[in-house]
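J.: Here the protein sequences come in this chain order: C and L. For the first sequence, the numbering used here assigns the number 1 to the initial residue and increments by one for each residue that follows. For the second sequence, the numbering used here assigns the number 179 to the initial residue and increments by one for each residue that follows.
A portion of the hints provided could be inaccurate.
Said to hold, decoys possible - Quick list of simulated restraints, FRET-style, between CB atoms:
{"hint": "1", "chain 1": "L", "residue 1": "R205", "chain 2": "C", "residue 2": "A70", "range": "18 to 24 Å"}
{"hint": "2", "chain 1": "L", "residue 1": "S233", "chain 2": "C", "residue 2": "K73", "range": "35 to 41 Å"}
{"hint": "3", "chain 1": "C", "residue 1": "R163", "chain 2": "L", "residue 2": "V226", "range": "46 to 52 Å"}
Said to hold, decoys possible - Chain C regions said to be covered by chain L (calculated; three or more residues, Cβ under 8 Å):
{"hint": "4", "segment": "31 to 41"}
{"hint": "5", "segment": "78 to 92"}
{"hint": "6", "segment": "127 to 141"}
{"hint": "7", "segment": "154 to 163"}
As the list claims (entries may be wrong) - Below 27 Å or equal to it, Euclidean Cα-Cα: the simulated DSSO-like pairs (lysine-lysine) are:
{"hint": "8", "chain 1": "L", "residue 1": "K183", "chain 2": "C", "residue 2": "K158"}
{"hint": "9", "chain 1": "L", "residue 1": "K183", "chain 2": "L", "residue 2": "K193"}
{"hint": "10", "chain 1": "L", "residue 1": "K193", "chain 2": "C", "residue 2": "K158"}
If you're looking for bench data, these hints aren't it; they were derived computationally from the structure. Each residue gets a CB set at the ideal place from its N, CA and C atoms; glycine is no exception.
Listed here are the chains, written in short residue letters.
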Amino acid sequence: MSAERPNEDFEADEILISDIPRAAVADFDLFYRQHHAGVCRALALTLNDVELAQDAVAEAMTRAYQRWNAVGKYQNPSGWVYRVGLNWARSRLRRILRKPAPQPVHTDDIALGVVNLLDAALAQLPVGQRSAVVLRYYLDWSERQIAEALNIAPGTVKSRLNRALNRLEDLLEESYGI
Amino acid sequence: MGFEKEELRNHLDRKAGGIRLDPPALRDIRVRARRRQRNQRLGASMAVLAVLAASIFGVRALVNDGETPERIQVFDDSGGANTPPGTDNGNDGGGSNAPPIDNNHTDSNPQPAISATTSPRNGGTLTDTKTQDFQPEATPTARPTAEATPTARPTATPRHDDDDYDDYDDDDEQQQEPTEEVAPWDISAGSLFSRRLAFLDAGPLVSEANGAVEQVGGFGVAGEVAEAFELDYLAGGDVGHGRLEFRAFD
Chain C
1 MSAERPNEDF
11 EADEILISDI
21 PRAAVADFDL
31 FYRQHHAGVC
41 RALALTLNDV
51 ELAQDAVAEA
61 MTRAYQRWNA
71 VGKYQNPSGW
81 VYRVGLNWAR
91 SRLRRILRKP
101 APQPVHTDDI
111 ALGVVNLLDA
121 ALAQLPVGQR
131 SAVVLRYYLD
141 WSERQIAEAL
151 NIAPGTVKSR
161 LNRALNRLED
171 LLEESYGI
Chain L
179 MGFEKEELRN
189 HLDRKAGGIR
199 LDPPALRDIR
209 VRARRRQRNQ
219 RLGASMAVLA
229 VLAASIFGVR
239 ALVNDGETPE
249 RIQVFDDSGG
259 ANTPPGTDNG
269 NDGGGSNAPP
279 IDNNHTDSNP
289 QPAISATTSP
299 RNGGTLTDTK
309 TQDFQPEATP
319 TARPTAEATP
329 TARPTATPRH
339 DDDDYDDYDD
349 DDEQQQEPTE
359 EVAPWDISAG
369 SLFSRRLAFL
379 DAGPLVSEAN
389 GAVEQVGGFG
399 VAGEVAEAFE
409 LDYLAGGDVG
419 HGRLEFRAFD
């Protein structure tokens with residue numbers, strides 16, 4: 001009986017999703033295949049936590065699928081997915097009282113090259129600035145796309161990027177003597 | 179010198195390339211979404227039912243909440259004149275607090291008179307000639323028996339331990355007490371708060387020069403009588419913070 005259980009669940013799930021319109025499924029399938037990995041990696045870079053990023057993207061993709069009639073019409077649906085995933089991850093971090101605290105960098109590690117200096121500096125940035133940096137320099141999104149994705153003004157994106165780059169430079173020059 | 183943006187871009191690419199992903203199957207996303215939709219619809223239906231149930235039973239519970247556990251049963255020992263409405267002659271229905279009272283019954287062991295004193299900030303104390311421990315939990319269930327129900331004027335006079343009330347005149351009290359029944363104060367439309375305050379209307383409240391308030395009158399307290407308890411407690415609030423109202427008493 002236990003061997004039949006997965007099949008029963010599978011059939012129940014098939015019934016559950018049988019009434020979804022085919023056109024909507026095909027549209028979302030294409031979006032999922034094209035953008036899942038990029039958004040997930042961007043979130044992993046932002047959060048410094050791959051597992052959390054995968055959970056967040058799965059959650060955001062689920063919500064996108066539920067609202068695909070609306071989300072699918074956005075200019076940049078992956079931006080919506082990124083923002084939903086980021087918000088979900090941050091609220092989850094708050095719930096479990098776990099912050100993506102920057103890892104302490106020891107000078108011995110730096111000397112040995114164990115810790116990448118840029119990684120350590122990026123970890124020192126606030127999440128808002130880090131997300132702007134990741135979207136701009138990893139996903140190559142324009143400032144306007146970033147503004148839409150993060151639901152902020154384009155001017156805010158510019159200022160966040162400027163502050164982030166200045167902070168990175170300061171951290172590399174002053175803290176680590178480069 | 180700092181770093182180049184290209185260096186940052188290459189670094190992020192390298193780091194992202196090293197991330198191994200285990201994406202869920204697309205079918206899992208679909209199933210998850212559909213389950214959630216179904217649960218949300220179910221939850222919405224349950225919420226509607228809960229609101230309907232609350233609107234029906236909640237009002238009833240609110241009415242019944244008049245039976246507060248802290249309530250103190252107060253009645254006029256001259257014949258139940260100040261009992262809450264709906265409690266005439268033992269009819270205790272309708273959520274009233276008063277015990278059954280036989281107006282024609284005379285008792286040789288009446289409840290003694292009480293006096294209440296309060297100061298605005300520290301709360302008042304209600305002192306009775308009987309000295310029993312006040313147990314709020316026991317009060318609601320304590321119903322006076324027919325023998326204990328006072329219907330005659332108590333012979334015991336209030337004892338005042340507080341020096342601030344040395345001028346309290348027992349003879350004056352006897353003279354001030356009404357000889358005829360006072361119409362019960364209608365608190366049927368009142369809130370729970372006013373129901374609690376019904377105690378205060380058992381007798382006129384006399385303001386003292388030092389700001390204290392004294393309750394004058396020979397009224398009994400049904401059930402367990404406290405040795406001393408705060409007016410704050412009776413009123414359900416802080417006397418010193420304006421939650422206690424005084425009303426003109428005819």
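J.: Which hint numbers doesn't this structure obey?
T.: 5, 7
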